[in-house]
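> Using the sequences and the hints, build the whole thing.
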Amino acid sequence: VHIHLNEGVVSTQCSCPRGQALCHHIAALLYHGHYNISSTDKAREWGVKGKAAGNKDEIETIDKLYPREPYSALVREISANKIEQFRHKLRQSNVVGFAWLLQPEANNEISVLVPPIDEILFSEAYLHAKNKEEYLLSQCEVDQQKIQQVAEFTIGQHKNEGWMIARKMRLTASKFGTILSACKRDKYSPSLFKSLLEGYDLQKVLA
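Numbering (our numbering), first residue to last: 1449 to 1655.
Possibly wrong hints are sitting among the right ones.
[Stated by the list, open to error] Mimicking DSS-like on lysine-lysine, the simulated pairs with C-alpha atoms at most 27 Å apart in a straight line are:
(1) LYS1607 x LYS1642
(2) LYS1623 x LYS1594
(3) LYS1642 x LYS1632
(4) LYS1635 x LYS1580
(5) LYS1632 x LYS1537
(6) LYS1607 x LYS1623
(7) LYS1594 x LYS1607
(8) LYS1635 x LYS1616
(9) LYS1530 x LYS1580
(10) LYS1580 x LYS1594
(11) LYS1635 x LYS1623
(12) LYS1616 x LYS1642
(13) LYS1632 x LYS1616
(14) LYS1580 x LYS1616
(15) LYS1616 x LYS1578
(16) LYS1594 x LYS1530
(17) LYS1537 x LYS1512
(18) LYS1642 x LYS1623
(19) LYS1580 x LYS1642
Since the hints were made in silico from the structure, they are not lab data. No experiment lies behind these values; they were computed from the predicted model shown.
This is the structure in structure tokens:
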């Protein structure tokens, strides 16, 4: 607390969180000084801890005061092979139905052989093509060699992520019956297009 003889309290400061404004420590000190400190009193000059020039009080964070100790829930180190075996067991059990989240990233090699339809439709080349139908058919063409390579990459069907990528938004054999029946009736319902776009297919699901 800085007090001037004529001007009264000039400035106050406290080390508590509210010390920059006004706190009860300052009020208590002023109340005490009003009755116990005279104008001739001087500050104590003995036993005062000096501070080196330029040094400032540093505020230590909780992380510094209480450093986090290294924690591991494992009794021993686990190899990558053991982790993969554990994931394989979880995929087989499929207790909660989210075992597919444990699978590694899909292989992009199948996308090079047969580019996804949605990527073709949103590509700059397709958007600026003069004949979009001709361009789309040219991009979807596959020769006998690519057919053989796709067959090798999609072994295992639904257990192989490459199988899902290769058949996405394409007219596969499982969809031919639905398409032919719609062509015979000459009726193309919104649900047909939604099923072709992998939206849903509840025909074989029992109630």
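> Evaluate each hint against the coordinates.
Hint check results:
Between LYS1607 and LYS1642 the alpha-carbon distance is near 23 Å, which keeps this suggested pair within the 27 Å criterion. Of the pairs offered as hints, the one joining LYS1623 and LYS1594 holds, with about 21 Å between alpha carbons and a cut-off of 27 Å not exceeded. The hinted pair formed by LYS1642 and LYS1632 meets the criterion: a straight-line CA distance of about 19 Å does not exceed 27 Å. Between LYS1635 and LYS1580 the alpha-carbon distance is near 25 Å, which keeps this suggested pair within the 27 Å criterion.
Proposed proximity of LYS1632 and LYS1537 is contradicted: the alpha carbons are some 47 Å apart, above 27 Å. A threshold of 27 Å between alpha carbons decides the hint, and for LYS1607 with LYS1623 the separation of about 20 Å falls inside it, so the pair holds. A hinted pair counts as satisfied when its Cα atoms are at most 27 Å apart, and LYS1594 with LYS1607 qualifies at roughly 21 Å. For the hint linking LYS1635 to LYS1616, the alpha-carbon distance of about 23 Å falls within 27 Å, and the restraint holds.
Only pairs whose Cα atoms come within 27 Å are accepted, and LYS1530 paired with LYS1580 is rejected, the gap being roughly 51 Å. Of the pairs offered as hints, the one joining LYS1580 and LYS1594 holds, with about 23 Å between alpha carbons and a cut-off of 27 Å not exceeded. For the suggested pair LYS1635 and LYS1623, the alpha carbons sit about 16 Å apart, so the restraint of at most 27 Å is met. Taking the CA atoms of LYS1616 and LYS1642, the gap is about 12 Å. The hint holds against a cut of 27 Å.
Proposed proximity of LYS1632 and LYS1616 is supported: the alpha carbons are some 25 Å apart, at most 27 Å. With a CA separation close to 20 Å, the supplied pair LYS1580 and LYS1616 stays within the 27 Å bound. In summary, the hint linking LYS1616 to LYS1578 is supported, as the alpha carbons are separated by about 26 Å, within the 27 Å threshold. This hinted pair does not check out: LYS1594 and LYS1530 have alpha carbons roughly 36 Å apart, beyond 27 Å.
For the hint linking LYS1537 to LYS1512, the alpha-carbon distance of about 42 Å lies beyond 27 Å, and the restraint is violated. For the given pair, LYS1642 sits about 12 Å from LYS1623 by alpha-carbon distance, which is consistent with the 27 Å threshold. Of the supplied pair hints, the one linking LYS1580 and LYS1642 holds, its CA atoms being roughly 22 Å apart against a limit of 27 Å.
Hint check: violations occur at hints 5, 9, 16 and 17; the rest are consistent with the structure.
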